[in-house]
Amino acid sequence: MQPSITSVDVMPATLISRLSESAQKSLTESVREKRLALLASGLGLGEAGALDALARTTGLPVLEAPQVDPEALAAFPARLAHEYQVVPVQVVSNPESEISNPKALHLATPWPPNSTIADWIATFTPRPLVWHLAPADRVQQLINENYGVGSGSLDDADDSALVPATTGTELEADADAAVVRFVTEVIAQAVAENATDIHFEPQEGQLTIRYRVDGLLVPVPLPENLLRFQDAIISRLKIMARMNISQKRLPQDGRIDFRQGGAAFLRKINSSDLRIVTIEDPIEYEVPGANQMQTHAEIGLTFASALRHVLRQDPDVIMVGEIRDLDTAEIAIRASLTGHLVFSTLHTNDAPGAITRLTDMGVEPFLVASAVELVIAQRLVRRLCPDCAKRVPCDPAALRTTLEALQLAPAEADGITELFEPVGCRSCRQTGFRGRIGLFEILHPKLLHDLIVRRESSKALATLARSHGMRTLQQSGWERVKTGHTSLQELLRTISTSGD
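Numbering of the sequence shown is given in the numbering used here, commencing with residue 12 and proceeding in unit increments.
Keep in mind that the hints were calculated from the coordinates and are not lab data.
Please read all numbers here as calculations on a predicted model, not as lab measurements.
A few of these clues could be false.
Below, in silico cross-link-like pairs of lysine-lysine (PhoX-like), each with a Cα-Cα straight-line distance of 25 Å or less [claimed, not checked]:
no., residue 1, residue 2
1, 401, 493
2, 470, 457
3, 249, 259
The following label-pair restraints were derived from C-beta to C-beta distances [stated by the list, open to error]:
no., residue 1, residue 2, range
4, 156, 398, 52 to 62 Å
5, 204, 464, 42 to 52 Å
6, 236, 32, 57 to 67 Å
7, 300, 204, 22 to 32 Å
8, 86, 263, 21 to 31 Å
9, 156, 297, 53 to 63 Å
For glycine and all other residues, C-beta sits at the position ideal for the given N, C-alpha and C.
Take these sequences, add in the hints, and give me the full structure.
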């Protein structure tokens with residue numbers, strides 16, 4: 012028989028009393044969705060262990076993988092789900108248990124409600140409530156998937172319009188606050204899912220939001236009432252990015268998010284003894300201690316002109332966001348030959364392709380051979396989810412064919428009988444992958460000096476580099492496949508074997 016909510020109020024307090032005084036204070040002052048994690052930390056348990064301890068103390072049953080009740084979902088307000096971390100769920104009937112009551116509304120939550128919350132939620136439904144405990148991440152996932160990210164905020168704005176005493180000005184303020192909270196929640200959820208980009212895509216009749224997670228775009232579940240807030244959401248984004256909110260025809264540049272690129276090298280060498288200057292378009296990541304400059308072509312501040320000015324400012328290290336033309340390439344080469352350490356990027360298929368790209372731009376081959384110290388080609392592949400990846404038998408003949416397609420020796424398949432493949436689980440959003448890892452190809456141009464001066468092809472440079480021990484992107488990827496970090500199909504998807 013399920014305990015009364017009054018007794019549940021007391022029993023978590025008994026469990027919480029085992030925590031230190033500071034841990035108790037943090038837990039009682041925290042929002043509901045964080046309490047289970049804080050309890051787990053305070054008890055020295057994982058979240059699953061803390062949930063079991065909470066279940067034993069309160070007598071509430073645990074649902075490890077709850078599924079939503081679609082019928083109840085339609086009548087259960089989104090703001091209640093978000094505010095109290097509660098979601099209506101389906102429960103398999105058990106004739107011997109009270110929770111089999113077909114009229115009951117089953118609610119899953121990571122933290123048991125007190126009597127005040129339970130009574131308040133009960134006012135929204137005529138059905139008797141039956142409470143269950145469930146993992147916090149699963150409850151949040153169900154809320155986002157079924158109500159939409161940020162639905163609680165927009166639900167509040169809709170509800171405020173139903174209050175007769177509210178003035179028009181107050182209604183506008185409520186709606187504005189709801190939009191601010193919604194945009195914040197969308198960005199916070201993107202961070203939680205390790206997204207690298209957020210795409211807000213307004214169209215006639217709908218607003219689509221997508222996250223780029225592990226290199227692929229993933230649609231974001233959104234509230235049904237989103238459309239009426241579309242203009243306010245776009246205006247909020249423009250304000251956050253310091254754009255002109257009245258300009259709706261011309262494209263504008265702004266920045267809210269941060270990304271990591273060449274700045275990783277700068278942080279590695281950054282010190283008070285060095286003057287570091289970057290030239291970027293746009294400045295994507297702030298590096299403390301570095302002097303960062305953004306190009307503005309409309310006023311004549313291009314990569315090339317900025318680089319000329321920077322060279323007069325006694326820099327030790329220069330990072331040029333991208334070499335796009337001969338002018339920039341020649342100045343960067345000249346800077347490196349006069350004692351400056353210069354970092355930059357080029358878009359090529361592999362490391363040897365960077366050499367031929369510079370000569371194709373018009374840089375003299377002998378200057379390239381003398382100035383370029385190191386070339387690193389990088390590709391990002393999705394990492395197999397450690398919670399669900401499994402070994403599967405592989406066909407030796409098919410594996411050899413695949414390796415040949417990757418320009419690898421068929422003999423690499425010798426002795427390989429199994430490889431890891433993606434499956435899909437809750438931890439990875441059923442994709443089979445979670446996170447990304449780098450594949451690298453490192454070229455030392457000094458070993459290729461004569462070939463570079465003779466303007467040999469990228470293919471010839473690659474052949475000689477491999478004879479000196481350069482590991483290709485394909486070889487780097489195959490090693491990651493064999494160790495179970497990624498799958499063979501993911502490697503095929505990512506690696507291009509076409510010439511430059």
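How the hints compare with the structure:
Pair hint residue 401 plus residue 493 holds up; C-alpha atoms about 13 Å apart against a cutoff of 25 Å. Restraint check: the Cα-Cα separation between residue 470 and residue 457 comes to about 17 Å, which is no more than 25 Å; the hinted pair holds. The suggested pairing of residue 249 with residue 259 holds, with an alpha-carbon distance near 10 Å, which does not exceed 25 Å. Residue 156 and residue 398 have their C-beta atoms about 19 Å apart, which leaves the hinted 52 to 62 Å range violated.
Between residue 204 and residue 464, the C-beta spacing of about 49 Å keeps the proposed range 42 to 52 Å intact. The hint said 57 to 67 Å for the Cβ distance between residue 236 and residue 32, and at roughly 44 Å that hint is violated. At roughly 31 Å, the beta carbons of residue 300 and residue 204 sit within the given window of 22 to 32 Å. Taking 21 to 31 Å as the suggested C-beta distance range, the pair residue 86 and residue 263 does not conform, at roughly 42 Å.
Remark: the range hint 53 to 63 Å for residue 156 to residue 297 is contradicted by a beta-carbon distance near 34 Å.
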